[in-house]
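A.B. asks: So for the sequence shown, numbering that gives the first Met the number 0 puts the first residue at 0; every next one is plus one.
Hints are computed from structural coordinates only; laboratory data are not their basis.
Each pair of labels, with its calculated beta carbon distance range:
(1) Leu252 x Pro120: 36 to 46 Å
(2) Val251 x Leu271: 16 to 26 Å
(3) Gly292 x Ala58: 29 to 39 Å
(4) Trp126 x Ser27: 46 to 56 Å
(5) Leu131 x Lys249: 16 to 26 Å
(6) Lys249 x Leu68: 39 to 49 Å
(7) Trp126 x Gly273: 42 to 52 Å
These numbers come from a predicted model, not from an experiment. The beta-carbon is built from N, C-alpha and C at its ideal position, and this holds for glycine as well.
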Amino acid sequence: MIPAIDNLFLIIIAAGLLAAAGCRMLVSGVLRERFLDQPNARSLHASPVPRSGGLAIQASIALAAAALLWADVSLPPAPFWIGWLIVVGVSLCDDMGHVSFILRFALQLAAVGILFAWLGPVLPWSWWFVLLAALALVWFINLFNFMDGMDGLAGVMGLTGAVTLAIIGMLQGDVGYASLLAVTGAAIAGFLVFNLPPARLFMGDSGSIGLGYFLGALAIVGVSRGLFGWPVPLLVFLPFLLDATWTLVKRVLRGVRPWEAHREHLYQRLVLHGWSARRVLVLVFPIMLAFQGLALFLALV
0 MIPAIDNLFL
10 IIIAAGLLAA
20 AGCRMLVSGV
30 LRERFLDQPN
40 ARSLHASPVP
50 RSGGLAIQAS
60 IALAAAALLW
70 ADVSLPPAPF
80 WIGWLIVVGV
90 SLCDDMGHVS
100 FILRFALQLA
110 AVGILFAWLG
120 PVLPWSWWFV
130 LLAALALVWF
140 INLFNFMDGM
150 DGLAGVMGLT
160 GAVTLAIIGM
170 LQGDVGYASL
180 LAVTGAAIAG
190 FLVFNLPPAR
200 LFMGDSGSIG
210 LGYFLGALAI
220 VGVSRGLFGW
230 PVPLLVFLPF
240 LLDATWTLVK
250 RVLRGVRPWE
260 AHREHLYQRL
270 VLHGWSARRV
280 LVLVFPIMLA
290 FQGLALFLAL
300 V
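Using the sequences and the hints given, assemble the complete structure.
C.D. replies: This is the structure we're talking about:
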C-alpha cells in the first residue's frame, strides 16, 4: 500500500521543524556547556562552539522514522537500525568526553558487520566485492567526520546527497526508501539553519559519523534493491570522497599517522589561504550538484 502523499509531506516537514527546534534549544540551553567544541589542531574556528547538533538531527530522524512506520511505510529491518544506534551511541559518548580511537573503530566495524550480515546475501556482488563494500562503508563513516571541519560543509553534502538519492528512489517507485532519505534531508536542513556560516552550532561526531553511516548504508541498500548501480552513490558523494581519500593517501605516503588531527583537506587549505567559509561553500555547492546531476542521469537511463 502506498501511503497518502499528504501524510508523507507532513512527516518530512515535521522532521525539519523538529531538528530546527532542537538545535535552537541546544544553542542556548543547559546542554550548551556540556558539548562545547574547543579549537584544536584541526579546527577552523577561533572560539568554542557547541557541537551537539547531531542530537537534534538523529532524534528527528528517529521520530520521523517512527511516524513513517505508523503511516505504513516500509523501512529497512532491524540490522540497519542496530548498526545506526551503535555508531551514534559511541559517537555521542565521544562528544561528551573521550572514547579511544580503537574502541570507536571496533564498534564501527561491529555495526557494519551487523548491517552486512543482512545485506550481504542480497547484494548482486561476489563475496570479495561485498567485503570491499563493507570496508568502503567504514571509510565513508569516518571521512564524513573528517570533512565536517567547516561551517555548513558536511550539512550541505548530506542534504544534497540525501535529496538526490530520495529523488532516485521516488522515480524508481520505492516510496519507503525515498521517504526515509527525504526526512533525513529535512532534519539536516533544520540543522543547517544554525550551521551555515557563521555557525552557531556544530553537528559533532554523533552527527557526522551518524550521517556517514546512515547515508552510506542507505546507498548500499539502494544497490541491493536494484534502484541503481554502485557507481551512482560514488558520484553523489564524490567531492567528499576525493578530498578525504586523496588527503589520506598523501599523509600515508609521507609517513604521517592518518588519524592525527590536521588541516590538510582542500577546504581547510582554502580557508587558511584567506577564503571565507561562505566563499568555499559557493565554490563546492555547484560541484556537488553537478556530480549529483550526473548520478541522477546514470541511475535513470
